[in-house]
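Chemist: Spelled out from the first residue to the last, the chains are:
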Amino acid sequence: MDFELNEQQLLMRDSAREFAQKRLAPFAREWDEAEEMPKELLKEMAELGYFGMLLPEEFGGLGLDPLSYILALEEISKANASVEITLSVHNSLACQAIVKYGTEEQKKKYLPRMAKGELLGAYSLSEPDAGTDAGGLKSTAVKKGDKYIVNGTKNWVTNAAYAGIFVTFVKTRPELGREGISALLMERNTKGLAVGEKERKMGLKCSDTREIFFSDAEVPAGNLLGQEGQGLKIAFSLLNIGRVGVGAQALGIAEAAFDEALKYSRQRVAFGVPIANFQATQFKLADMSTKIEAARLLVYKAALLCEDGENAAGEVSMAKVFASEAANWVTNEAVQIHGGYGYVKEYAVERYFRDARVTEIYEGTSEAQKIVISRSILKKS
Amino acid sequence: MHIVVCCKQVPEIAGIKVAPDGSGVLPPPGGGMVNPFDVYAIEEGVRIKEKTSGKLSVISSGGPTGEAGLREALALGADEAYLLSDPLFLTADPLRTALVLAAGIKKIGAFDLVLCGKQAVDDDSSAVPAALAQNLELPQVIFVKKFEELQPKMAKVFRMTDDGYEVVETSLPAVVGVVKEINEPRLPSLKGKMRAKSAKVTTWSAADLELDAQALNPSGFGYKVEQFYPPPPRPKGEMLTGTPEEIAEKLFQKLRQAQVI
Ligand SMILES: Cc1cc2nc3c(=O)[nH]c(=O)nc-3n(C[C@H](O)[C@H](O)[C@H](O)COP(=O)(O)OP(=O)(O)OC[C@H]3O[C@@H](n4cnc5c(N)ncnc54)[C@H](O)[C@@H]3O)c2cc1C
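Line order of the protein sequences matches chains A and B. Numbering-wise, our numbering puts 323 at position 323 of the first sequence, and it's gapless, one number per residue. Numbering-wise, our numbering puts 6 at position 6 of the second sequence, and it's gapless, one number per residue.
Hints may contain errors.
[What the hints assert, rightly or not] Which residues of chain A face chain B? A partial, calculated answer using Cβ under 7 angstroms:
| no. | residue |
| --- | --- |
| 1 | S15 |
| 2 | L48 |
| 3 | G49 |
Just so you know, these hints were derived from the structure itself, not from any lab. For each residue, glycine too, the CB sits at the ideal point set by N, CA and C.
Modelling step: build the complete structure from the supplied sequences, incorporating the hints.
Modeler: Take a look at the structure:
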């Protein structure tokens with residue numbers, strides 16, 4: 001067992017930390033309140049290379065190993081979890097979809113622009129009536145000549161406002177149920193594709209989430225990703241690195257909350273002493289840092305397993321569910337340590353508490369992760 | 001256009017302490033950082049390089065710690081890096097440093113422009129750019145906040161003064177010292193960082209520069225530090241007490257006494 005990070009991993013962690021602390025952290029509250037991140041930020045992240053982290057160098061990416069990538073996401077999340085999910089969805093879900101399942105032609109057409117951040121990606125699986133039960137999605141694509149005609153509604157599409165390409169899951173053969181799902185690459189300017197209003201969320205407020213609608217949307221048949229009927233397999237396989245990314249997001253939020261709580265516990269005086277002198281506070285800090293450390297090890301290990309292939313779903317789900325529950329627990333305690341001040345916007349823990357909540361919901365709820373974990377245990381034994 | 005930027009590795013300023021005997025400063029542990037003013041020079045160098053499809057070299061004199069700063073410059077877009085490292089180069093004397101840098105720059109070869117930060121934040125002497133120009137027998141313009149015009153053999157720059165700025169035209173090559181108003185430095189790209197990690201840093205010793213103990217003899221420069229001492233601590237603030245009206249009245253009297261109002 002080796003707990004040392006290699007040179008590249010350290011370099012990515014430190015670079016992302018510098019970027020996040022200089023360019024993200026000081027504005028986190030402002031953007032949270034504006035419910036928007038500035039356009040120039042996306043441009044700067046593009047120039048710095050954050051949209052090509054996992055893409056092979058031949059397409060202009062950095063070709064990072066999963067752990068280097070995850071370390072960068074963790075640092076970004078520490079400063080701004082909304083920015084983290086923007087990057088995570090683009091890199092883990094949209095870019096990887098094409099890297100893993102795209103034809104040479106699709107790769108050449110899209111990846112260089114995605115690496116440069118000229119084309120941002122979204123991943124559209126969920127529907128109003130199909131979340132955990134993704135196989136129950138209702139959007140359809142009917143082949144007519146050299147086109148698919150797509151109809152339906154998708155929701156919760158992260159990055160919808162700025163995405164240039166949507167990796168979209170639809171039923172090409174509804175009669176086959178889950179086996180009839182296929183993945184399409186839909187460009188933003190697709191005729192018949194409309195993007196809805198911005199969701200007003202509890203947390204991650206400056207990340208963009210919207211519905212998208214298809215009414216007789218026309219997608220060239222050449223934009224089918226993989227084979228017809230492979231859709232659900234593609235969707236779930238992408239969620240591996242995606243879920244480790246959510247784990248890293250949760251870890252980053254928890255660490256940020258812990259840092260604030262530790263600092264505050266030394267400053268706040270009650271009964272004539274800093275509240276850090278009370279054992280009740282000390283035990284909170286001890287439990288918080290223990291959970292963070294455990295989450296970190298699970299997340300990093302899951303990242304390493306992602307490098308080796310597909311069979312890591314169980315470990316990935318363990319990391320995701322543990323880290324996200326830890327983040328919710330830790331941010332809750334961080335608010336508690338702040339007392340009333342933890343309940344108002346002047347203190348960052350209020351935001352961390354809200355931002356942490358969704359990590360137990362998206363890219364599979366905690367319950368869904370436990371289904372995956374138990375399945376992998378029962379399969380093995 | 002070939003630009004050479006001088007950059008110095010300085011200790012993290014927040015942790016610097018003056019030695020109790022006043023003989024110098026005690027840097028905090030750690031590799032330090034690139035002198036913040038030099039970061040503006042590097043950024044300006046990268047911009048000029050990009051605009052003129054030119055080449056950017058960076059050079060640092062001192063000990064091996066300078067390599068970290070040079071790699072940062074490489075990450076930001078420098079093409080070549082030169083570390084002048086020799087026990088003989090470890091000096092707080094800006095005149096000696098300028099001599100070493102001049103020798104290094106001459107060895108690099110033909111260039112059009114030398115950029116420096118206006119001063120280093122550790123000793124704040126602000127003497128190297130001018131001394132460097134002297135050693136290179138070139139014109140110098142320091143406290144530059146803008147390149148208004150840049151041609152192969154001529155530059156027109158805005159030079160900050162206490163109450164405004166001067167417009168200076170100089171022939172090139174020249175040594176230009178920049179102030180922080182000149183630009184907003186970028187962060188290094190991830191690709192740049194990865195490239196810089198394994199990029200070559202050429203190291204030259206005193207022998208490589210044909211300098212010896214004789215040429216670098218401290219007494220030959222007429223530069224001597226008498227004593228280092230920290231600035232006097234700030235006097236303690238005064239708390240005004242009373243009702244808000246009384247406090248306001250006291251404050252008003254004090255401000256009037258101080259002739260602020
Ligand atoms: C901010 C945000 C961003 C998102 N971004 C994206 C995106 O970019 N792309 C995308 O496709 N989706 C996205 N989602 C959707 C997200 O993945 C879903 O919300 C999530 O999968 C849950 O689906 P649901 O909301 O329909 O809940 P449901 O599936 O209706 O679940 C409701 C509850 O029932 C439980 N439940 C359901 N089935 C079972 C079961 N079999 N056993 C036990 N419990 C069960 C769930 O765990 C949950 O507690 C996003 C969501 C949010 C909030």
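Chemist: State for each hint whether it applies.
Modeler: Status of the hints after comparison with the structure:
{"no.": "1", "hint": "S15", "in the structure": "holds (5 angstroms)"}
{"no.": "2", "hint": "L48", "in the structure": "holds (5 angstroms)"}
{"no.": "3", "hint": "G49", "in the structure": "holds (4 angstroms)"}
The structure meets every hint from the earlier list without exception.
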